[in-house]
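Protein chains: 2
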Amino acid sequence: MAMKVKDIVFMNKGDGENSYVKSAGLTLKVIAKTQPIVQKAVQSLFTGTHSTPLQVVNVADLGCALGPQPLESMSIVIESIVEKCGELGCEMPEIQFHLNDLAGNDFNTLFKGLSVVQEKYKNVSWFAMGAPGSFHGRLFPRNSMHLVHSCYSVHWLSKAPKITSEAGLPLNKGKIYMSKTSPPAVREGYLSQFEEDFSSVLRFRSPELAPDGRMVLILNGRQSADPTEKDICYLWDLLAEALSYLVSEGLIDEEKLDSFNVPYYNPSQEEVERVIDKEGSFTTEFSDTVVLEIGGKNAWSDPGLRIKGYRCFSEPILSHQFGEEVMDKLFDKAEEILAEDYKQGKEATKNISIVVVLKKKTNQTWT
Amino acid sequence: MAMKVKDIVFMNKGDGENSYVKSAGLTLKVIAKTQPIVQKAVQSLFTGTHSTPLQVVNVADLGCALGPQPLESMSIVIESIVEKCGELGCEMPEIQFHLNDLAGNDFNTLFKGLSVVQEKYKNVSWFAMGAPGSFHGRLFPRNSMHLVHSCYSVHWLSKAPKITSEAGLPLNKGKIYMSKTSPPAVREGYLSQFEEDFSSVLRFRSPELAPDGRMVLILNGRQSADPTEKDICYLWDLLAEALSYLVSEGLIDEEKLDSFNVPYYNPSQEEVERVIDKEGSFTTEFSDTVVLEIGGKNAWSDPGLRIKGYRCFSEPILSHQFGEEVMDKLFDKAEEILAEDYKQGKEATKNISIVVVLKKKTNQTWT
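So the protein lines, in turn, are chains S and F.
Sequence positions in the first sequence follow our numbering and run 1 to 367.
Sequence positions in the second sequence follow our numbering and run 1001 to 1367.
Since the hints were derived computationally from the structure, they do not count as laboratory data.
As the structure is a prediction and not an experimental result, all values here were calculated from the model.
By construction, the Cβ of each residue, glycine as well, lies at the ideal position given by its N, Cα and C atoms.
Check before you lean on any hint, since a few could be wrong.
As the list claims (entries may be wrong) - Below 30 angstroms or equal to it, Euclidean Cα-Cα: the simulated DSS-like pairs (lysine-lysine) are:
# : chain 1 : residue 1 : chain 2 : residue 2
1 : F       : K1333     : F       : K1173
2 : S       : K159      : F       : K1112
3 : F       : K1013     : S       : K162
4 : F       : K1159     : S       : K122
Unchecked claim - Away from chain F, derived, C-beta distances all over 10 angstroms, residues of chain S:
#  : residue
5  : S75
6  : C85
7  : E87
8  : S158
9  : T181
10 : L191
11 : D231
12 : V275
13 : H320
14 : K361
Looking at chain S on its own, in the form it has when it is part of the complex:
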């Protein structure tokens, strides 16, 4: 049976040692770095052609996961609106957040965390809903969303690209993502799946956005045209190496490793823009590539922390393919390799994000 991404792509649940709640510090750094862009997009909702000021601002967070990240994004939106309304002297609208993720996401933990935001913004009238479902399909009613926001989600594909020979044999043996040694068919398969999926994210959002609505999408991407550049392949190469070690130890089947590819893609800014133009529902108001230094003296200076950062989002999918029982061994081995790479300065040192702000084209209003 084909792997159903919707059942296995989620962030580690709860708030334990390896949970996403505890370990997704990098996403928080990306949120902090891109805050001015989100703020500007939010505030542009108040300077458009609306005949009356918005009474309710509907905000969606696609693939929000759980923990401090969605809460931080909510705070940024609330503060941006408070600031803008202060500036314009207009009455504060009510704000309704729609926190979206696949139904396998730990919404119970997400909801319990909302009290933090409640404490922080007692004087603002805001509401939070959980919206379970895939952003590769419809999620919200027509013309309902003023701001659709997503940080580090839409680089997840709806399924792993099909990368086999005509005879059905795996073409990406010993690897789980694009790599320097992968044949061209692997890169082509990944790019093609990304184009299809990212295009569907845009197509399904288009009817859902209110006129003049904005989308801010932040994807984990890459800087160069080369889809196998070290900074993006490093993580998956590292895990593939650790998996190969487990194969050599007889702990997992070689066939399981050879046939597996992660449903994830790091696009370049140019690839993102090309899909947006081709899909046609949105105008690009802003587009940029944002670089964060990692490793060394920066974030993730410690291999242990970095492995936790990798584990909290890759474990559910790896555990589904290779078994829960080998996960500790897998990440221990990966940490060992990473520590050695740190000594030799071989680890990836950059985290790349592609950020776009999109506006719904006016002729796209659905009735």
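On the provided structure of chain S, position chain F as indicated by the hints.
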């Protein structure tokens, strides 16, 4: 520290033997019996003074819990709209469900169940959100809801009534709810807390309803003026008797039993109507008392099934007060007493519901 109802009132989680998902069959019967009333209220949304037909129908289910009950309520709403639109020859609107319960509710299990409805209504454009929070406060933006529905939730109080003597001593010793032997202060305390809480449910919903919006509230209530009539006190008297047995066995402290009262109230139709009139935001379009026969040859013919039905909603709150470790013993003892009562025909034989359909008064439109 005062007991916080929002942390302890929830239905048993998951889908195990004592779960609400498996054991809340009585609520399903209430939903089936009141279906024509809900249907009529939904369809009345399409025959009002709306200048244009609704494009999106926003529906809220207050205190929806989890399992088949909220899914069944969604089905009734969808089918009512499909039928009405067929009749009127109008285009189907999109439907957005807001499934509300306290943040302690098991939303993860609730969301996983949505696939059942998805399979059933593939050709209808509907969306479901989880809306965590207390219905004794604001939950949704202004003027947003067309239908607010609630089955067997708003009889839960925001807190247990304070029933002590002037010296602070408990007045409802050995009981956990109103009972034949309770002094008048107990009944007064309960009624007063219900009036305050039910009034706040109405007051907080009023700004949230769209013009011409409807509320359908179904409460577990009583038939007569006497708030200690057998059919409503039976459950809590039974549990109090089982708790007293555990006290006599030294398994729980007498003081814990004496000071405890459940935050629950079974109002009469007249009490419900009086609060609605006094609060003033809504016109009552329909009001009735609905009786279901239980026990004997009807639903819950078996004491074991009936105890599971009681346990799935009372366990979290009892377990918080008396400890998880005594729950099996408590419900075993209660089943023993119940079985004896069945033999002697002493058990409650009626389940009473109060049903009201309310329309937002036109001068209550909030801007």
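Verify this label for me: S/S75 is non-interface relative to chain F, using a Cβ-Cβ cutoff of 10 angstroms. holds (18 angstroms)
Between F/K1159 and S/K122, does the CA-CA distance stay at or below 30 angstroms? With Cα atoms ~22 angstroms apart, F/K1159 and S/K122 stay inside 30 angstroms; holds.
Per the stated criterion, does the least C-beta distance between S/E87 and chain F lie above 10 angstroms, as a non-interface residue requires? Consistent with the label, S/E87 stays out of reach of chain F, its closest Cβ about 23 angstroms off (over 10 angstroms).
Could you grab the alpha-carbon distance between F/K1333 and F/K1173 and see if it respects the 30 angstroms cut-off? Status holds; Cα separation ~20 angstroms.
If I take the minimum Cβ distance from S/V275 to any residue of chain F, is it greater than 10 angstroms? Holds, since 25 angstroms exceeds 10 angstroms.
Does S/K159 pair with F/K1112 here, judged by a C-alpha cut-off of 30 angstroms? holds (20 angstroms)
Quick check for students: does the CB of S/S158 sit more than 10 angstroms from each CB in chain F? Answer for S/S158: holds, closest chain F Cβ roughly 17 angstroms.
Is the nearest CB of chain F more than 10 angstroms from the CB of S/K361? holds (20 angstroms)
Closest CB of chain F to the CB of S/C85 still more than 10 angstroms away: holds (16 angstroms)
Verify that the Cβ of S/D231 lies farther than 10 angstroms from every Cβ atom of chain F, and report whether the claim holds or is violated. holds (35 angstroms)
Beyond 10 angstroms from each Cβ of chain F, as asserted for S/H320: The assertion about S/H320 holds, with a minimum of 16 angstroms to chain F.
Would you say S/T181 is clear of chain F, with no C-beta pair closer than or equal to 10 angstroms? About 40 angstroms separates S/T181 from the closest Cβ of chain F, which puts it past 10 angstroms; holds.
Consistency with the previously given hints fails for number 3 only.
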